[in-house]
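Participant: Listed below are the residues making up each chain.
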Amino acid sequence: MTTILFYLFSALLLGAALFVVLNRNPIYSVVGLVFAFMNLAAMYFLLEAYFIGVLQVLVYAGAIMVLFLFVVMLLNVQPDRPHPGLIHPDRWWFGIMALIFVSLFLLLIGQGVRALLTSPAEDAAGMGSVADVGEALFTSFLLPFEIASLLLTVALIGTVFLAKKKV
Amino acid sequence: MSNIQSLTYFLPELILTSSAMVIILTDVFFRGRNRNRLIWLLSLVALGIAAIFLLLQTTPPDAIFYGALAVDPYSRFFKWIFLLATVVIYVVSPYSRELDNNPRHEYYLFMLLVVFGLFLMASALDLIIVYLSIEIVSIGSFVLAGFLKQERLSNESSLKYVIYGALSSGVMLYGLSLLFGIAGSTNVFDIQAALSGVPDKAHLTLAVALLLVLTGFGYKIAMVPFHFWTPDVYQGAPTTITAYLSVAPKAAGFALALRILGITFGSSPDMNLGEWLPVEGLPFGTLIAIFSAATMTVGNIIAIQQSSVKRLLAYSSIAHAGYMLMAAAILNAQAVSAIMFYLAVYLFMNLGAFLVAIFIHNRYGYDEIEEWKGLGFQAPAVAVAMGIFLFSLTGLPPTAGFVGKVYLFSVLIEAQQFWWLAVLGVLNSVVSLYYYMRILKAMFLDSEPTGERISGHPALSGTILLLMIPVLLFGVYWSPLMNLVRSSLEFFSPGM
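First to last, the sequence lines map onto chains A and B. Numbering-wise (the numbering used here), the first sequence opens with residue -13 and increments by one. Numbering-wise (the numbering used here), the second sequence opens with residue 9 and increments by one.
If you're looking for bench data, these hints aren't it; they were derived computationally from the structure. Please note that a few of the clues may not be correct.
[Said to hold, decoys possible] On the chain A side, residues computed to face chain B include the following (Cβ under 10 Å): (1) A84; (2) V88; (3) L90; (4) G98; (5) A101; (6) G120; (7) F124; (8) T125; (9) L136; (10) T139; (11) A141; (12) I143; (13) G144; (14) F147; (15) L148.
[Stated by the list, open to error] DMTMM-like mimics (lysine to aspartate or glutamate), calculated; alpha carbons at most 25 Å apart, straight line: (16) A:K150 <-> B:E159; (17) A:K151 <-> B:E106; (18) B:K449 <-> B:E376.
The beta-carbon is built from N, C-alpha and C at its ideal position, and this holds for glycine as well.
Hey, can you work out the whole structure from these sequences and the hints?
Facilitator: Rendered as structure tokens:
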């Protein structure tokens, strides 16, 4: 059952991701991305990582993507016209870079898969529950947590400072 | 050590953050005419208190917050460098005309927060802290670089900084996540332990992770080929901030990279020193040597063509990162102490050179070499000081820069490795002599004495002359500084 669901969600995820990249209308792309994130959340649930699954829905699909959608709508982005310039003889090194990157990425994934086949990861069921995350966050990871809040303060004040018209 | 216990070791940082909060509130509730002055004074007092707490901190090396941060002489040495650079910039900032059209309270606030980030960078032992501290410093620097909102160059500098910064952060984060994936922990000592037992098949992943992390660190110290942001950011940012960025975050980048990479990829976990362990197919020392050669050569060659002094000093600061990387190619105690010594010397000479650039900018509003003509007759003391800073940057005796460079070269020679790099380093110093001397020529030779005198604010000229003292002093009597560096060469390690 889990295997069937895994393949179902994977197929939907890949389809949604392709839709995001190939669609010319940015609004449809954003909606496609929301759908992709939903499927990703389903995969997390299948892995029994419930907390991160919920966060995926709440934070990514919910908050961040809605923000994206608003920005795209407010900026009134027009559907992309086909531009022939992307594949151009002058840009051959784009292709080479992409090739290097893709082959490196495939190599990495292949290696990871091979390592997992010989020595599978331990079953980490039950890890990553809300209680675990909460405890880690307020004991051994309290300092990073507080520093992250300071980082957000810095970013917030900085943005306001740079964005306001009158200093 | 638990969180509550750790707080007593965290006092300098706590002072910095709490005073930043006080400044934010002062900014909101105090609307008087002397607001800038008040906030300036508050921040200086905060830095002073932080310095006192740092001075009182004499405990043996320890890790606080469950092993997230190290409290050891090594991090304290760098914290002193940051504090010194910050205080110098604070003292001269009110007298820089560039900043006159902007209220400066946010400027002081962001500098305090950046100092906090720098402190964390010098003592981070955990990948999460590494990332967060680099981000605090970067975001603070983005804002500071774009501080002159009416000027297009400053806006451009900020935007370019943000884009390059975001990209390199992303790349570095990918590398850190791979490291975490291989080792299963974010603590560097756990990673070091896990890496020594890595299954062979993950070695390629490890090499990729190392390269990606190196990209992020390389961006912070402006290592070629991750240096593209440097000239534009340095030129557009207010000169005070340029001076700051060229010294403090660079020192922090070195502190962080030497510690984190030294622990995870070095051969000896006890002192974090020894030499670089080759990751399969990736001789790390040679890699650093190549980066070092590229960094100093590119920095020096492009510096020749610059007509703007700020851009020239920007490229020269890239070249100096290359000199320091030269020693980093060999990771032993001598190499790390040479880098620390050079960073301390670099602090004085580079800040000094930039302060003279502020002096000129205050007078003329430009920073082309043309404007420096005849300075030797108009402001002899400042011009002589600039001459000494330039001699020191080139590495001519009897200045501190010479001693620093001798230490850097001696690392390579005593290790009997990378001879070609040492030769290249010497050749590069010769190249740098040419463009530094162009400034000197403009100041002393290119104009007749006119009798006109220019003088800056005493605080500015005084700071310039004060910075000249250590450059000369450490050129002839450097053992106190070297002793300080040697005694700071004590790291936290869990086996102790």
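Participant: State for each hint whether it applies.
Facilitator: Now for the hints, and whether the structure bears them out:
The criterion of a C-beta within 10 Å of any C-beta in chain B is not met by A:A84, whose closest approach is roughly 16 Å, and the hint is violated. Violation of the interface hint for A:V88 is found here, the shortest Cβ-Cβ separation to chain B being roughly 14 Å, above the 10 Å cut-off. Evaluation of the A:L90 hint against chain B yields a held restraint, the C-beta minimum of about 7 Å falling below 10 Å. Interface restraint check for A:G98: the shortest CB-CB distance to chain B comes to about 7 Å, inside 10 Å, so the restraint holds.
For A:A101, the interface hint holds, the least distance from its beta-carbon to any beta-carbon of chain B being 5 Å, beneath 10 Å. Hint on A:G120 is violated. Least Cβ distance to chain B is approximately 15 Å, over the 10 Å limit. Taken as an interface hint, A:F124 checks out: its beta carbon lies about 9 Å from the nearest beta carbon of chain B, inside 10 Å. For A:T125, the shortest C-beta to C-beta distance to chain B is roughly 7 Å, which falls under 10 Å, so the interface hint holds.
At its closest, the beta carbon of A:L136 sits 6 Å from a beta carbon of chain B; the interface hint therefore holds under the 10 Å criterion. Contact between A:T139 and chain B, as hinted, is supported at the beta carbon level, the nearest pair being about 8 Å apart and thus within 10 Å. The restraint placing A:A141 at the interface with chain B holds, with a minimum CB-CB distance near 5 Å, inside the 10 Å limit. Residue-level restraint check for A:I143 holds (minimum Cβ-Cβ distance to chain B is 7 Å; threshold 10 Å).
The interface hint given for A:G144 holds, since its Cβ lies 4 Å from the closest Cβ of chain B, which is under the 10 Å cut-off. Against a cut-off of 10 Å between C-beta atoms, the interface hint on A:F147 holds, since the closest Cβ of chain B lies about 5 Å away. Below 10 Å, beta-carbon pairs count as interface contacts, and A:L148 has one with chain B at about 6 Å; its hint therefore holds. Restraint check: the Cα-Cα separation between A:K150 and B:E159 comes to about 15 Å, which is no more than 25 Å; the hinted pair holds.
For the hint linking A:K151 to B:E106, the alpha-carbon distance of about 19 Å falls within 25 Å, and the restraint holds. Between the alpha carbons of B:K449 and B:E376 the distance comes to roughly 14 Å, so the proposed pair stays at or under 25 Å and holds.
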